[in-house]
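Protein sequence lines correspond, in order, to chains A and B.
Counting along the first sequence from 1, when you hit position 22 you're at 22 in my numbering, and nothing is skipped either side.
Counting along the second sequence from 1, when you hit position 240 you're at 240 in my numbering, and nothing is skipped either side.
Keep in mind that the hints were calculated from the coordinates and are not lab data.
Careful: at least some of the hints might be erroneous.
Straight-line Cα separation of at most 16 Å, EDC-like style, residue types lysine to aspartate or glutamate; simulated pairs [said to hold, decoys possible]:
no., chain 1, residue 1, chain 2, residue 2
1, B, K168, B, E229
2, B, K46, B, D244
3, B, K12, B, E62
4, B, K121, A, E3
5, B, K230, B, E150
6, B, K205, B, E78
7, A, K87, A, E46
8, A, K134, B, D82
9, B, K159, B, D122
10, B, K108, A, D146
11, B, K108, A, D86
12, A, K134, A, E159
13, B, K108, A, E145
14, B, K46, A, D22
15, B, K121, B, E102
16, B, K213, B, E31
17, B, K230, B, D244
18, B, K121, A, E145
19, B, K108, B, D122
20, B, K47, A, D112
21, A, K87, A, D112
22, B, K137, B, D82
23, B, K213, B, E226
24, B, K139, B, D195
25, A, K134, B, E54
26, A, K134, B, E57
27, A, K138, A, E159
28, B, K12, B, D86
29, B, K47, A, D22
30, A, K118, A, D146
31, A, K134, A, D112
32, A, K118, A, E3
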Amino acid sequence: MAEFHIGLPLKESDIEAVHAGDYVYLTGTVYSARDAAHKRMTEALEKGEKLPFDINGSVIYYLGPSPARPGQVIGSAGPTTSSRMDKYTPALLDLGLKGMIGKGRRSEEVKDAIKRDKAVYFAAVGGAGALLSKCIIKSEVIAYEDLGTEAVRKMEVKELPVIVVTDCHGNSVY
Amino acid sequence: MIREVSCSLISKAIEEMCIEANLSLTDDVREKIVLAADTETGVIAKKILGQLVENMEIAKNEAIPICQDTGMAVVFMEIGQDVHLDGSLTDAVNEGVRNGYEHGYLRKSVVEDPLIRVNTKDNTPAILHVSLVPGDKIKITVAPKGFGSENMSRVYMLKPADGEEGVKNAILDAVKQAGPNACPPMTVGVGIGGDFEMCAILAKKALTRDISKRSEKPHIARIEEEMLEKLNKTGIGPGGFGGDTTVLGVNIETYPTHIAGLPVAVNICCHVNRHVTRVL
Ligand code: SF4
């Protein structure tokens, strides 16, 4: 297990350097999107519309936070199960999505696309939402506000602890 | 003697219990996680368990929910037959959930229709299980349930000939399938017997029992202990990254069943096994 501190957006050299099982601290911009937002983004693509953020080079955090108390940046903010996004993910990877943060297994299609498109799938610790919220220093809803917790947020993270589950070399922890 | 109980008393209790359950775990679960963080031998596993301990502290001290999935509110109520309520019980429970999730800054995770999927924006309705019991008390257990682990739960309609081995295999199968998706270390609630829906309710109820205590039935206590050991040998480990700590507890509840059947439900819960009980 190697340890890395990596700035976002992810550089190709960083993606190539990390391997399944490595511990990584991420700093920079990530976008939150989960089930309902993925559905909407996919529908937007089908209609030839623009996505709410530039997917090329971006990192998505599969997250639906709890509401922030007054004075807090965000509420509890841990990962949700990634496999529910599998159906939508290969298309996003082909458009340049470079990183995903979630938890749990991915489909073979997603793993293949991670290799093909040179991306990386990270897991954050499930059920550690209070701790992880401390690493989010800015958060702003940028699309689909009506979805409540499932809205798309632009977030700045600082030293967010994640573990590489699937690397671009075709290796996976599980 | 009939005891009059006001519905607002029930609402208020449920409101407080929803918040309490989401900010701090029961001592039995907390102690297990702390112990595991100390004894775990896996490197990543130990790091993750350390984070879970830290997470519990932050949650409690800063009133940030332990997990962002603050669950669907499952409410068990045992109502004394001599109690009379001054209004609708269902409305009172939902009022409590609504206020708890709003005032406690908890996530609203319920959609109105399972196919149309529009958020109800107040986390109602609750899932309410009521039983009538002798007496004039009301016992309420609020158990907010996250769906990362709920999605990995299973019902197995086994045959009587499958016996104890079949039950053990079912539990092992469910935990293996859940793997990294259910935020291990998990807590496992098992219901054996009854019928299709009864075993599932028993499994959920089992999750609300103290994980440090074994079943009162010796043969069931033995299976609980055996499975605890066996499941921790699967090597799934915290977060699915390997290690000795895959499950924190295995609780089994039973009920009589039909001569032709052996229903088994395995309700998978994560380490965020939340439940609070009060008697009014
Ligand atoms: S499975 Fe449990 S710990 Fe994991 S996200 Fe859901 S509620 Fe939280």
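How the hints compare with the structure:
Of the pairs offered as hints, the one joining K168 (chain B) and E229 (chain B) holds, with about 12 Å between alpha carbons and a cut-off of 16 Å not exceeded. This hinted pair checks out: K46 (chain B) and D244 (chain B) have alpha carbons roughly 10 Å apart, not beyond 16 Å. In summary, the hint linking K12 (chain B) to E62 (chain B) is not supported, as the alpha carbons are separated by about 22 Å, beyond the 16 Å threshold. At most 16 Å may separate the alpha-carbon atoms for a hinted pair to count; K121 (chain B) and E3 (chain A) exceed this at roughly 40 Å.
Distance check on the hinted pair: K230 (chain B) and E150 (chain B) sit about 22 Å apart at the alpha-carbon level, beyond 16 Å; violated. Proximity of K205 (chain B) to E78 (chain B) is assessed by CA-CA distance (about 12 Å); at most 16 Å being required, the pair is judged to hold. Among the hinted pairs, K87 (chain A) with E46 (chain A) is consistent with the structure: their alpha-carbon atoms are about 14 Å apart, no more than 16 Å. For the proposed pair K134 (chain A) and D82 (chain B), the alpha carbon gap of about 49 Å is over 16 Å, so the pair is violated.
Among the hinted pairs, K159 (chain B) with D122 (chain B) is inconsistent with the structure: their alpha-carbon atoms are about 42 Å apart, more than 16 Å. The hinted pair formed by K108 (chain B) and D146 (chain A) meets the criterion: a straight-line CA distance of about 13 Å does not exceed 16 Å. Between K108 (chain B) and D86 (chain A) the alpha-carbon distance is near 24 Å, which puts this suggested pair outside the 16 Å criterion. Note on K134 (chain A) and E159 (chain A): the hinted pairing holds, with a Cα-Cα distance of about 10 Å set against a maximum of 16 Å.
Simply put, K108 (chain B) and E145 (chain A) have alpha-carbon atoms about 14 Å apart, close enough for the 16 Å limit, and the pair holds. Proposed proximity of K46 (chain B) and D22 (chain A) is supported: the alpha carbons are some 15 Å apart, at most 16 Å. Between K121 (chain B) and E102 (chain B), the direct Cα distance comes to roughly 9 Å. Compliance with the 16 Å bound is thereby established for this hinted pair. Between the alpha carbons of K213 (chain B) and E31 (chain B) the distance comes to roughly 13 Å, so the proposed pair stays at or under 16 Å and holds.
For the proposed pair K230 (chain B) and D244 (chain B), the alpha carbon gap of about 11 Å is at most 16 Å, so the pair holds. Restraint check for K121 (chain B) and E145 (chain A): the C-alpha separation of about 13 Å stays at or below 16 Å, so the hint holds. Between K108 (chain B) and D122 (chain B) the alpha-carbon distance is near 6 Å, which keeps this suggested pair within the 16 Å criterion. For the hint linking K47 (chain B) to D112 (chain A), the alpha-carbon distance of about 29 Å lies beyond 16 Å, and the restraint is violated.
Restraint check for K87 (chain A) and D112 (chain A): the C-alpha separation of about 13 Å stays at or below 16 Å, so the hint holds. Of the pairs offered as hints, the one joining K137 (chain B) and D82 (chain B) holds, with about 8 Å between alpha carbons and a cut-off of 16 Å not exceeded. Proximity of K213 (chain B) to E226 (chain B) is assessed by CA-CA distance (about 14 Å); at most 16 Å being required, the pair is judged to hold. Between K139 (chain B) and D195 (chain B), the direct Cα distance comes to roughly 25 Å. Violation of the 16 Å bound is thereby established for this hinted pair.
Annotation: proposed proximity of K134 (chain A) to E54 (chain B) holds, straight-line Cα distance about 12 Å (limit 16 Å). Restraint check for K134 (chain A) and E57 (chain B): satisfied, since their Cα atoms lie roughly 13 Å apart, inside the 16 Å limit. Distance restraint check for K138 (chain A) and E159 (chain A): the Cα-Cα separation of roughly 13 Å lies within the 16 Å cut-off, and the hinted pair is therefore satisfied. A C-alpha spacing of about 15 Å is found between K12 (chain B) and D86 (chain B), which places the hinted pair at or below 16 Å, so the restraint holds.
About 13 Å separates the Cα atoms of K47 (chain B) and D22 (chain A), which keeps this hinted pair within 16 Å; it holds. About 33 Å separates the Cα atoms of K118 (chain A) and D146 (chain A), which puts this hinted pair outside 16 Å; it is violated. The straight-line distance between the Cα atoms of K134 (chain A) and D112 (chain A) is roughly 33 Å, outside the 16 Å bound, and the hint therefore fails. Taking the CA atoms of K118 (chain A) and E3 (chain A), the gap is near 20 Å; set against the 16 Å cutoff, the hint is violated.
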